[in-house]
Structure formats: structure tokens, C-alpha cells
Amino acid sequence: MDILQGTLDLLVLRALELAPMHGVGIADRIQQVTRGAFVVKPGSLFPALRRLEQQGWVQGEWAPSENNRRARYYKLTRAGRAQLAEEKRNWRRMTSAMNWMLESEG
Amino acid sequence: MFRRLTHLFDYLFRRRRLEDDLDEELRSSFETIVDRFAARGMPPAEARRAARLEFDGFEQVKENVRDGLVGSSLQAFLQDTRYAVRGLRRRPSFTLIALVTLALGIGVNTAVFSVFYGVLLHPLPYDHPERLAIVWSSFRTAGHARAPVSGAILGEIQRRNRSLAGVAGIWTITRTFTGDNPEQVKCARVTANFFDVLGVHAAHGRTFTNEDSGGPAIMLTDGIFRRRFAADGRLLGKGLPMDWEDTLVGVLPPDFQLHFAPDSNVPADAQVFDTFDNAIYTDRVQYYIRLVARLKPGVSMAEAQRDVDRVATEISGAYTEYATENLQFTLAGMQADAVRDVQPALAALFAGSAFVLAICCVNVASLLLARASDRRKEMALRLSMGASRGRIVRQLFAEGGVLCLLGGAAGIAVGWAFFRGLLAIRPERLARIADAGLNWPALAFAAACSLAAALLFGFVPAIDSFRLDFMATLRTGGRGALGRLHRRTGAALIVGEITLGFVLVTGAALTVRTLSRIEQVRPGFEPRHLLAFQISSGIPGNAIPDWEAQLAALPGVERVGATSHLPLDTDIPNWYSSYQPEGIDERQAATLVADLRCITPGYLAAMGARLLEGRYFDQQDRAASRPVAIVDELLARTTWPGQSAIGKKIVAEHATSDGFKPIVSAVVGVVEHLHNHSLTRQVRGQIYMPFEQSRRGPLTFVLRTRVDPLSLVPTIRRMLHDRSRTAAMAKVRPMTEYVSREISPVSFTAVLAAIFAALALLLAATGVYGVLNYQISQRRPEMGIRMALGAHARDVLRMVLREVTALAAAGVLMGAVAALIAARWLGTLLYGVGPFDPLSYGSALLFLPAAALLGGWRPAGRAAAANPAELIREE
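Those protein sequence lines, which keep their order, are chains A and B.
With the first sequence counted from 1, adding 938 to any position gets you our numbering.
With the second sequence counted from 1, adding 10 to any position gets you our numbering.
Bound-form chain B, shown alone (with noise of 0.2 Å):
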């Protein structure tokens, strides 16, 4: 071992001595072979000939002295390196255009699956958190696939399962910390063994146990903790100002986040936590628990799925109100399900990125094709030399993997660029990618990517240089036999480029048409010349008539209103819950649940929303005088359907002095839908109560302007700081804001796929473009002697083009194929527009075959431009 140690290191640093030896000694023998056909009588001439014959050439027989040597193959790949190097640097244009072509793919497929692993891959913060399932229960007769449960279904799932580690509940409300500077708060109630199933420890004091049950322990997040109680940790055990009486048990980690589906209503910063009552095991009738459990170690998904079914089926019987319903739970692994709206967006994304990646690599691949042909001369004659086959492979690998190494550098530099970008226009969805960051398995991965480009662009060529007949090459100076290969090459690249071109045009035009439709949904307001804001405190109710009429004394102002839960503000939890037409059987409306809403008389005319029958609220709608409701049309349509909803009989709780208590009330108007929580889907119908019968706070203010809404603002200020010292405003924002928050997850993909689908196209311009210069270069003899024949500078320009118009044809023909393939896929992502829709495939139809065009154009024109007698001679 230490001898071959000693001689690596001769090869390495002792090589030119090595080296020369091996020569002077090659030479002496050459010599002597030489003397001795001179001692059989050969003249000089004649003896060196006979003995060159006998020696196989001093380069042959160098390279296999050195390929038999210890650390010749380590010596071997520098030298390839350097060799690979150096050829780069002596073309420079086309060793910039291949990087730049790389390092824009690898570059935007890390920055894109650095956001893909991110939010789908990046393992949530909590222990083990593969064996975290979310528990959905479903009345499929009744049409709700992810509904909550109820305390008692929530008790016979923990009594029942085998399978299960642990099963909680969440539900969230709305706390406020009083004294000097009260403020509102989401706190999220769950069950005491919720830390328990997520795994999670409290960084300061502890979780809760089974006795905090409905008692006072309340827990906070560190960020609360931080801000508003300088993370004192004296506090621990003591009872901190708030709307009821509370103990601070513990506080949770830095970096400790809830992780729901947005349809779960259980929001990502809730900031204090406190504990469910066990009386909540004997409700039967309220629905709004959301459920986590923990599986068994050892117990996979899909049994823990059979052991819910069998509880469903055991209780199904025991509890008659699900007989009809056909009850059902569903299991869902909580990552995916926290994600399943994002999901396919984003794999849609990374499937553009991978496709913009292929094009690019097409492209140097075909460059490179381009450059091998030019040194087949080159090659054959370095074979000739004596230099192996091997060898020559190694080096067109090595040249591919240095190309690969600094693309790849490159591209992680573009990739950290294109990544800062897309954290500034990131909708809210994807908060996590910030905190996942442009991360090692990104970084891998675009390792892994350029690996990948580096075997692939040595093995095209490596291929294309087993079939070299070095003598024939030798003899047509480089050009001849390799004509027909790399032009069925070259084609088929075009074509391919093309193909996967049509489909990422296609694609963005879908969305982009989808992010235009979206911004024309009608949210059943008008979100335009519309602000809004929020007072928790200091109005007191009995004031806020008094306050609505000075803000619409203002000038600009057309109308003003208020409402508990403005629509598209994810902020406060939604208030809905279950509500009973009159006439219909209790059990029967346990699973008829609406958004409710307290307005003030002005609301519904602020916001624009359409009254379709009967009346909007008025001031004659008092505490005292008869219980009133509006529906929106989703609600009247589906309970009384074929009737008209006015006059129609009600129960729905309200927010009273005591509580939430069921009242019966009177439907005296039917407005439009109003979209609360998605632009693109009508979630459930709605009933509206006055703010006078049901005061539930806070409320958000509307005001309906003539001028720029934000203009108001600090007039509105000042108005308020006169009436009360501790009244503030909070979230002061025009409506648009909202809508376009709700947008921005639409306009991310419509951005991103726009940026992939210009890439395709300058792409498949600059790809024409090179294969074809390329190949018009090695036709020119052909080209010269149609034009000697009398073809004109016209013939030779129309049969390029109509060359590239096939290669166009072809790849517009497999391009329309796979996109349609594929947007059956993307059905889910689009609205408004059919997978099929004509405009978009109309689009790609046009754009492609243009660029192919532009990048066909000069190649063609500069052919037809050359000098018929110069191109021949040229042979």
C-alpha cells in the first residue's frame, strides 16, 4: 500500500522526470533495434523504417505504459479537465450562450423546487409528524366530504380506535387581553392532550394535563409572550388580564406554528391556547371540532383508515341521526392535508420548471452535437495518434461535466435570485417557504440536475464518436458521413423543443386566462372605492348609529355600514354554525349550517351587495321590536327551494347578553351571495341578523367613497381619537386589498407559468437558431451547387423555411397532443375556462411556429446571401 502511496506520488509531482525517462528510454531502444538491422546490413534509411514498423509508434506505446500506471486515471481526468477547460475558453460565445442556457434552468427549477419542498416536503415542526393524520368526518348523502364532529363523535373515536396514539380537538375563538391597551386575540380551544398528540414541549413551564380540563390554564405562543409580556417569566402560574379568568401554565416554542387546511377555520397564529370543558363529550348537536390523532407506531395510514370505518359502522348504529346520514370518517396524512389546496398548483409549477429545464438542456445538448461534428477532424486524428477510444469519451465527458459544474454554479446564483423574487410576490399560503429557504435538499437537487445535464451532453456526442470512421472522416476534412446523423439529431431536437414549448405556452395561457376570469368574478359586492377597518373597543353599541351617521357626514362618503366578520378577512375565526328552518326536524337540520353575520342597516347597500326580494334592515329593526334575518340567495335557494324565502320562519343562534342562544326569527330580504371566504366558490349560505338584535363584536366598518378611500383615513382618525381616548383603528385597508390577497396564489402560478412559457419560446427561437446556422454551415457545398444550377438566393431561402415550417409542423402536432394530455391535469387549477379552450391552444399555435421562424430566419438568410462559386470551392 505504501509503495503504491509512493509512487502515486512520484506520478503526480515526479511526472515530467517519469515522463522523460520513459522517453529516453523508448528512444535508446528505438535505436537499438535500429543498429541491429544496420548490423544485418540495411542501410540507414532502410533499417529505421523496418524498426519503426517493428515499434508501434512511441505516442501508442506511451498512452499504454500510462494507462497501466497507478493514479494515471486520477493524472488522466486533470488533464481532461484542463484540456475541457481550455477548449471552453477558446469559444467563447458559444461556452457564455451554453452557460447562460443552463444556469437559467437549473437556476429556476432550484428557486421552484425550493418552494416545492418547502410547503410540501418540508417535514411540519412536530414530533414524528408522518404519523399525524387529520380526522374528517363526512355526511356524503348530505354532501359535506370535510366536515368537523361533534364532543361525542370526538370521545367515541378516542374510546373506539385500536389504531391510534392519541386523537385531539381544536376549535378556535376569539379572546381579548384587557387592561391599558386591550386587544383581541385568536385563541385556539383544544383538548388537553393536543400538545401530547403533536408532540410538542413548552419551552417555559408546561402543556396541558387531563385536570386543566375547562379550567383556567391557558398557554401562549412565544410571539405574544415576546411582545406583550417582555417574555416575563414570572408570569408562569399567575393569572394575566383577561376577558375570563385564566392561569398561564405554559409557553410554547419559538417557532411552534398550527398547521391546518384554510378550510379547517383553524388559523396558523393562533396566539393563546386554553382547554376544552368534558362537557363537550355529551354534545351531540353542534359540529365544529376539528380532529387530530397520532398513529400507533407501526400502523399505517391505511389501517388506521379500516379501524375508523369500523367505528363509524359501531356507532352509526348507536347514534340514529347518522342512520340516514351514512357517517364517515375520513383520514388524511396532516401535511397533505394542510396543503391539498396548494398541492397542485405547485406540482403544476415544478412540472413547468422541469419542462423549461428539458428545453434548455435540448439546447446544449444540441450545441454541444454541433461542436462534436465540428472536431471529428480533430478526433480522428488524435485516434490516429494513438489515442484510445476510452479516452477520447472521457474527454467529451469531461468537457459536458465542466460545463455542468459552472452551469450548475451559475445556476444556483440565478436559482437564489429567482427565489428572492418569488418570496416578493408569495401569496400568504406560502409563508413556509420563507422559513424553508433556498435549503440544502434545493441545493441538491439542482446538484442532482446538473449531473444529470453533464451524463447527457457527454453521452451524445460519446455516441456519435463510436460511430466515427476516423479515415473517412480524415478524408472529407470533418464534413460527410456525420451530415445525415446530426441533421435526424438536430430535427429531432427542434421537434422536441417545440413539443414541450406548446405545452408550457399552452399551459400559461390557460392560467393566465384563469387569473383574468378570477379577476373578474363578482365577490357579490363591489370591492372598488370601499374601505374598511376595525374597532375592537371604546364605541361603546348603543353609540354606533351616532358614529356610522358623522362617518357618512363626511365628504365623499355615500354610504357607511358595519358587520362582525368582514368578507374575504380570514383574521377573526368565522362565526357559523347549525341553523333550523321552521318545519324542519331537529335532527334532521344538525347538518344545515350558514355563516352568520350581525350588520348594521347600512351594511349590505355599503358594500354593493344586490338585494334580490324583500328589504335591507333599518333603524326600526331595535333590540325590542321582532326578531329579523336577511338570507343570501345560496340559502334561500337551497332550503326553500321553489319558494320565496320572505316570511319564512328561522332559527339561528344569536349573540346575546347571556351567551349564544337559538332565536327564532322572520326572513325579510334575500340579497346576492356574498363570496366570505373563496372568489371562486360559493362555501355555504349565509344569514344576516341586525347588530341592534345580536351585538357581536368587533366590528369592521365600511364606508362606501366617492374619493380615493385611504384618503379618509386621517379625518377619520382624528374623528375617532375626539370620541374616545381608547378606541383604535386596526387593519385600515380598501377592500381591494383583500381581493387581491385572495388572488395573489392565482397570479403566483399565472407569474410564474408566464416566465416559463417566455422562456420556452426564446428558447425555441435560439434553439432553431442554432441547429440550423449549424447545419447550413456544413450544407453549404450543397446550397452552392443549386445555386450554381440556377436555383435563386430566393429557392434556397424558401427551402430552409420550409424546412423549419415542417420541423414547426411536427412540433406543434406532438405539442398539441401532450397538452392536451396534460390539461386534463390542470383542470383543477383553472376557472372560468375549459381545459380545452380554444383561445389558449390558439396562442401556442401562433407563438411557436414564430419563434421557430425568428430563429430560422437568419440561419436561412445568411445561406441564401453566400457566394454560389465560394461555397464549392470551399470543397
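So that you can see chain A by itself, here it is in the shape it has in the complex (with noise of 0.2 Å):
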């Protein structure tokens, strides 16, 4: 399935929400918690990574993984909080307003 323009953000921000992470564990977490409805490519998982670090949103910082590589963790700021949550209202808004149209009796 492909991912809405406009929720990737969305999507990596809850991802981060619990606990920093690296770029491949984000896909795979995106992943996994989604059932495997979404696949990030790292063609549009760094891009974005980028962009939400311009806006403030994450900060990235290299650290040791699992095993034993650099790599860069991003976590969230605060901003980036204040932001996820302005995206899930924005998201439940609108997807019950996609509900009661569906929804709808003729």
C-alpha cells in the first residue's frame, strides 16, 4: 500500500514517540507496528529525516546500534512533540470526517 502523501511525517514522528531510534529501525518499526502495510524506502525515509530535523522537529545523533555500528539516532524534541500531536488531532479529525462520509446512508 502506499503511503499518503502528507502521513509520512506523521508516521515517523509516532514511531520516534517512545524511544530514539536509527533510520533502518524506523522503517522497520513503521513496518512492523502497520503489519507490513507500509514499507518506508530509504529514498523517501531519509529525505524526510532530513526535512524534520530543519524544521526542528527530531535531532539526530550518532551513537553505538545493536550491533556495534554507528549510526544516527534520531529523537524527538520537543517541538516534535507539540507537532505529533498536532498531527494526530489533525488525522483523527479527518479521518472520522472520511468515516461519516463512507458511513452515510445514501
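Hints may be right or wrong, so weigh each one.
Which stretches of chain B does chain A cover? Using the computed rule of at least three CB atoms under 8 Å from a CB of chain A, they are [as the list claims (entries may be wrong)]:
no., region
1, 29-39
2, 458-465
Computed beta-carbon distance windows for the label pairs [claimed, not checked]:
no., chain 1, residue 1, chain 2, residue 2, range
3, A, Ala1017, B, Pro53, 43 to 49 Å
4, B, Leu131, A, Lys979, 55 to 61 Å
5, A, Lys979, B, Arg27, 24 to 30 Å
6, B, Pro53, A, Gln970, 25 to 31 Å
7, A, Lys979, B, Ala875, 54 to 60 Å
8, A, Gln969, B, Ala419, 55 to 61 Å
9, B, Arg27, A, Gln969, 29 to 35 Å
10, A, Asn1037, B, Ala49, 37 to 43 Å
In silico contact screen, one side only, chain B against chain A (beta carbon under 8 Å); selected entries [as the list claims (entries may be wrong)]:
no., residue
11, Ile43
12, Asp45
13, Phe65
14, Thr257
FYI, nobody ran anything at the bench for these hints, they're computed from the structure.
Yeah, the Cβ is synthetic: ideal placement off N, Cα and C, and Gly gets one too.
Each of the two chains sits in its own frame; use the hints to bring them together as a complex.
Put into C-alpha cells, the structure is as follows:
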């Protein structure tokens, strides 16, 4: 399934909500949690990460990874958390609107 | 915002570190994925391959990251530019040719636009000049479309109009500053509101007010105030030594100048201004006042025209003399009216220079296209490596942009030099271009040209790149598919170039033929071996015959004479007035106007004017004897059609000691028309009176010589000095100088047109060379196969030349059609040749194919000389 335009940021921010992660980890997590519905390719993941970093919503830092490589770990900033909350609200508003539309009778 | 700025800063200055970071991150991510595959038990090589499949390619990812970041577009722009500069430096000959071509095109256009702007568009130095209009009266039935008005009519317009803020009149006379160093000056006589209508304020003192009308008040231009009166402000309010009583009330600002059409006889350089008497408003007879009006704010020219039409209708009933004449008024914007004589020539030159620029652009575009095709392989490679198409198109635009920026800069330099050249050969009529100079609008125009060219140059190869199928291109080594497209475009460019060139060469041939026809015009006199000089004072009228005899006795002098108004001399205001042939009603005669001249007996013979009937004046035509006149054939023919003019009586004004008086004289001779105002047109008929009977000065003496006219000047100066201490010779010139000054606007046009045509031919030749050279290098395998199959070198040569000829023929055909259309429009600029002059078209028919073949010769020869085996092997 294709990732909806504009939802990648929400997915990434949400993946980082619990703990900092590196790029591959973020992609894995999105795939796991969505039960394989969304596969994030590096070609879109890394541009998104850099963009979020420029916005100041995530912050990258070099740290050793689980198998002892140097990896760049991303964590949510305060602004990032606020942004996530905002995007969640937007998303819910949108999905309920969509649902009303789909479930209305004729 | 602040964060974005710091990121931009990071991006621009710490880019290396960011890029390194990204590299490392991608690599470590890649390894992580490899590890994961390995953990599932894949052998290492297998794991790497799988990881690579999952990873879309490092470069692609990096490109995506860069595209998404703040500052990346600026960065990419700088990079594109650097890359473009490097690319241009790698191909110096290509770059040089492209730059020279562009610089020529832009330079020529900048210079010609400067002239165009300076003369036609640079606003006149008056207040809201767009609201100023010239008012002409026209008598349709009498054929005077641009006639002046009488004082009575001026008054009617002033009183009756509703759309004009003011209407002022002007007319030029000659006045003299007396004193130690007498000097004749051009004086403009104006209505008191003249400067208010123009919106010009005095630099010192004041301008005229209503109370000044007909009084002693005068104003001076800044020029004469400085030169003759040392800019002495104490003179304001005082009388200056002059022919009549006067009081200096004001001095005009330094940049003040009159801007009237040449046929209005209001010279640009009047130095003194005085005022009309209010008595002119009752004068219904003399038509000599030129009008300038200021439209009320918000009134359009068309509305004002309707308003003066109404005035004309109203007064035609009250002024019975116009009932039969159908009097009308015509309003014309002041600036448009002042330049109407040069406007068509300048517009044609501007169009010609635009054609040259178009040809230059075609040439450079074809060079770039050839280059873009050469680089298809490189483009295809970059596309496959992950560069986006947008990025590649940007790059192509960057290259065009850099080229045009450099070309534009070089073009401005070329334009400046070319403009200097134009200034050196500019005719007097275009004096204003010196004021405007190579100006901001012209530079802006050059910039606009460069920008348009840059877009064009980016656009052509960009379209090309969109059709690029990179896999196919890589397979065929960059050749193949492009061939047909490029050949079609190349052919279209050649045809277009020859079409434009044909129009330019035809136009130039027509202009040059016009020039040579005008040079052959007989102006009614023989200008060679004729010396002219003016003496304003110092020889009393009675001593003139003696002085002429003394001149005639000089060795090398054949004939001597003098006139009050030398032909083609525009410094002295023309003397012309209505005349009345005996037996024709005064009212009817009011619109019969002739040039009047006072001459000494030897004048017409010395000028070489042919006597057609009767006799010249002689020493017997004295003040006391019967008044006599000589008329020109134009006046004789129009006044007494089908009859001999000899013996007819004519009333015309004479200069007498009591001022101008109408006097009846008998016509004793008819001479050919002397071109007083224009080499190409007979403006109006002429009446000559003996100086003895009508003493009007200053006299200009003419000497018909056997020797170089100027060689006599020192002797004459000495003779004059011996005769009078105060007499001075002015304007000592061979008559040929007046003629060439008259020709100069035409030769200016002809020189420019010839330069354009030469450029067009050169560009056509190099253009064909460029396109063909490239095409042949693309078609080498084909040629090789043909030759291997038994075609001779001669056949290949013939094949290529046949193609060139076909293209040239197509271009010539289209060019001929375009030239025929354009020539119709050139009509008013031509003289003595028709717009469909076969010789002009013939020369274009000869030159353009010749240029095309010249350009095609070398590439064709190279194709024919090549070794077939080698050609095929390249494939």
C-alpha cells in the first residue's frame, strides 16, 4: 500500500514517540506496527528525516547501534512532540470525517 | 524563521560536513540491512546484493535528500552555474563563437535601440510633454495638409476650444545684436503664453506675461547669455544693444530647446525670444503662425481633435474665405510630429537590427543544440545515475544563462563602441541621440534581449532532453534516435536564417540604391566648384556690385552672385509669403505661397541654374527702374498652366526701407526649380527679386570656380579686411557640404542597412557551416557506407551541396515573400527605386545562396575526403 501523501511525517514522528531510533529501525518499526502495510524505502525515509530535522522536530545524534556500528539516532524534540500531537488531532479529525462520509446512508 | 536561516547557513557553509554525515548514515544503514540478511543465513555476497536491491541507490537517495532541503535550490543553482562555466571553458572555440555572435547581435541592437529611444521615445524636456500637441491647419482642396494659421484663426481657437489648457503661437525671424561685434541671431516670436503652455520656467528672471505682448521684453537662451553676455545677471531688466528697443526679462534653462518638425521652419536653436503684438489677432491674411497647444488633464488626443473639428465647423461659416477651402485642423502629439520625418527610417533600422539579433540567436541556438546532442550520452548517464530530469533541464538553462550573461555584457561593450560610431556619422536631425546617450532604457533593453535569448537557448535543448530515451541513447553511443530530430531542426534553422538574411539584403540594396539615386539628383544647381560664404554687415548695399566685380576678377573665379537665402541653408528662417498673380481674387490667393529671394544679377548663372525662358536679371534692373521678377518653373506651371509666364504681373512682398510692402512686378524669366529645402521634393514655387529693388540681407555670396573653392578663401578674407574693418565672413563652405548634409540621414540609413546585410551574410555563412559541420559528423557512418558501396567522393560532395542548395532555395523563396511584404512598408523611405526593384531582389538572390554554399563548402569537402573504412569502424 502506498503511503498517503503527507502522512510519512506523522508515521516517523509516531515511531519515535517512545524511544530514539536510527533510520533502519524507524523503517522496521513502521512496517511492523502497520503489519507490513507500509514499507518505507530509504529514498523517501532519509529525505523525510532530514526535513524533520531542519524543522527542528527531531534531532539526530551519532551513537553505537545494537550490533556495534556507528548509527545516527533520532529523537523527538519538544517541538516535535507538539507537532506530533497536532498531527494526530488532524488525522483523527480527517478519519472521522472520512468515516461519516463513507458510512452515511445514500 | 530563524531556524530556517541557520539551516540555510549550515547548508551553505557546512555543507561538506552535512554531506559527510549523510554519507556515513547511509552507509551504516546499508550495512545494517546487510547484517540483517546475513543473520538470516545468506552468504555475504548474496546479502549485499539483496541489500542493494532494497536500497534504491545511494546517489538517488542523496539527490532526494538534497532536493528536499532549505537552500538546496540556491546551492544547486550555484553548482549548475559552476558546472556551466566549466563546460563552456572546456569548449573554447564553441564558447568564443557563441559569445562573439551574441555580443554582435545584442551590441548592434543596444546601439540602434539607443538611437531609436533617444529620438522617438525619450520624452521632450517639457512639463507633461504627452499633453502637448501641434495644431496644423489644412486646406484639403489646395493640397496644404500641414499649413500654419493666421493670427485671427489662432484667436478663434483660443476662444472657442473647450479641451485645451492653452494654445500658443510661434514664428521665427532674424534679429541683430548691435555694438562692437554685431551678430545676427535667430529670434522666435511667440505669444506671451508660449512658455506657460510648454511648462518651461525661466532659470533667471521670468518668462513672458500678457502685458509683454508686442512690448520690448525679450528672453535669451542660456547659450547666448553665457557666450555674448558672460552670464551677467545684472543685465536683467535692462536694455541690450539690439536692432529694436528691448528689455531682457529672463533667461531660459540650459537644457531648453525647441522641438518642432523641420517643415515647420521653427529652428531648434533660436537664441532670442520676443513677443507678438496683440494686433496679430485681427490679421486674417497672413498664414505663418505655428501652433502648440496643451491638452487639459484627462483629455485624450481624440477628444481634443473632435473639439477642434467643432471649432473649424463653427468658424468656417464666419470666415467666408474658407467656405470653398474646407478648412480643417489637425492635432498631432508634439513629439510624434517633431520626429515624423525620421520615424519610418528609425523604425526600419530597428526592425533590421532585430532581424540581425534573430539570426544571431538562431546561430547560437543551433550551436547549443548540436552541443546538447553531443552530450546526450552524458545526460543519459546522469539520468541513469539518479539525476532528476528537472535537474538536467535546470542545468541546460544554466548554460544558456551563463552564455547570455557573458554575451550580454560583451554586447553592451560592443553596443557602446557601435553607438560611438553612430554618433560620429549621425545626421543633424538625430542630434538628440547625443543627449540621450547609451541610456538606461537601452541597457534594460539589452538585458531583456539577453534574458529572452537565455530562455530560448535553455528551452531548445531542454525539449530535446525530454525526448531522450536514455537506455536507447546509451546503447547507440549517443547517436541514433536524435539524428532525425536534429536534422529537421537544423534544416529549419538554416531556412529561417536565409529568410531573414534575404529580407535584410534586399532592404539594404533598396536603401543603397536610394542613396545613389539621391546623390545623382540635380538640386536645380551645380554644387561642385561652388563656394558660399555669408557677410552680415560691413559692405553697404551700394557697394555690392563693386565687391562682386572685385571677386569676379580673382584668378580661378568664373562667376559671382549673391542671395538673401542660400538653398539648403537652414540657419536663416525661410522667407516665404503669399503672392497674388494679377487677375486672381485676393481671397483665393491667400493660400498661394512662394519662397521669396533677393538676388544679385549674377546669382542664378553662378549657381548653374538653367534659364528656361526669358532672361536673368542684369545691371539695368535698378531700384528706380520697372520692378521685375524671375519665377521658377514650378510656380510658372501651377499659376499659369499652359501659358508662358513671361510678361505676367505678380504681386509679392518686397523688402523696402519702410518694411515689407506688396509690389507689382513683371515676370522676365523662368528658371528651373532650385531645391531650397529638400533634395527629393519640390516644396513650393519661388519668386526672385533683384537685390537692387528689394534689399534683404544678409547676403550669401556664391563663387563659381575653376579651382578648389576653399583655396580662394585666404585671398578673399584679405580683400574683405582691406575693404572694411568690421565686415566678417561667416559659414565659409563649399556648396557640396550643404548637399551632403542634406543626404546624411539617407546615408546614415544606408550605412546601417549595409552593415546589417553584411552581418546577415556572414552569420548565414557561419550558421550553415555550423549546422552542416555537425550534421556531417553525425552522418559519417552513413557516408562511409555509401562510399564503401561505390559512391565517389564527388557524389558525396554533390549530395551535401544538393542539400544545402535545397535549403537555400527554400530560404530564398520564403525570404522573397517576406521581403515583398516588408518592401511595401519601406515605400516612404525609397527614392528613385520602386519597392519591387528587380536589381535589389536580384542581389539578395545572388548573395544568400552564395553565402550558404560558402558555409557548406568546407564541411562537404571534409565529408568527401574521409576514408570509408575508418568511417564505418567508428560505428
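**Message:** Using the nearest Cβ pair, does Thr257 of chain B come within less than 8 Å of chain A?
**Reply:** 80 Å, violated
That 43 to 49 Å hint for Ala1017 of chain A and Pro53 of chain B (C-beta), does it hold up?
Holds, since Ala1017 of chain A and Pro53 of chain B (Cβ atoms, about 46 Å apart) stay within the stated range.
message = Please check whether Arg27 of chain B and Gln969 of chain A have a Cβ separation lying inside 29 to 35 Å.
response = 31 Å, holds
Q) With a Cβ-Cβ cutoff of 8 Å, does the region 458-465 of chain B contain at least three residues near chain A? A) violated (count 0)
**Message:** For the hint 55 to 61 Å, verify it against the beta carbon of Gln969 of chain A and that of Ala419 of chain B.
**Reply:** 56 Å, holds
Notebook entry, point to check: For the pair Leu131 of chain B and Lys979 of chain A, does the Cβ-Cβ distance stay inside 55 to 61 Å?
Noted result: 60 Å, holds
Worksheet item: Is the interface hint for Ile43 of chain B satisfied, with its Cβ closer than 8 Å to some Cβ of chain A?
Response: Check passed: Cβ of Ile43 of chain B comes within 6 Å of chain A, closer than 8 Å.
Proposed interface contact between Asp45 of chain B and chain A, which counts if any beta carbon pair is under 8 Å: Holds - the Cβ of Asp45 of chain B comes within 8 Å of chain A, reaching about 6 Å at its closest.
Exercise for the section: Answer holds if the nearest beta-carbon of chain A is closer than 8 Å to that of Phe65 of chain B; otherwise answer violated. Expected result: 5 Å, holds
Discussion item. Range first: 24 to 30 Å. Now tell me if the beta carbons of Lys979 of chain A and Arg27 of chain B are that far apart.
Written reply: 26 Å, holds
Closer than 8 Å, Cβ to Cβ, for at least three residues: run that test on the region 29-39 of chain B against chain A and report holds or violated. Three-residue rule met by the region 29-39 of chain B, so holds; n is 7.
Quick check on a hinted range of 37 to 43 Å for Asn1037 of chain A and Ala49 of chain B, using CB atoms only.
41 Å, holds
The structure is inconsistent with the numbered hints 2 and 14, although it conforms to all the rest.
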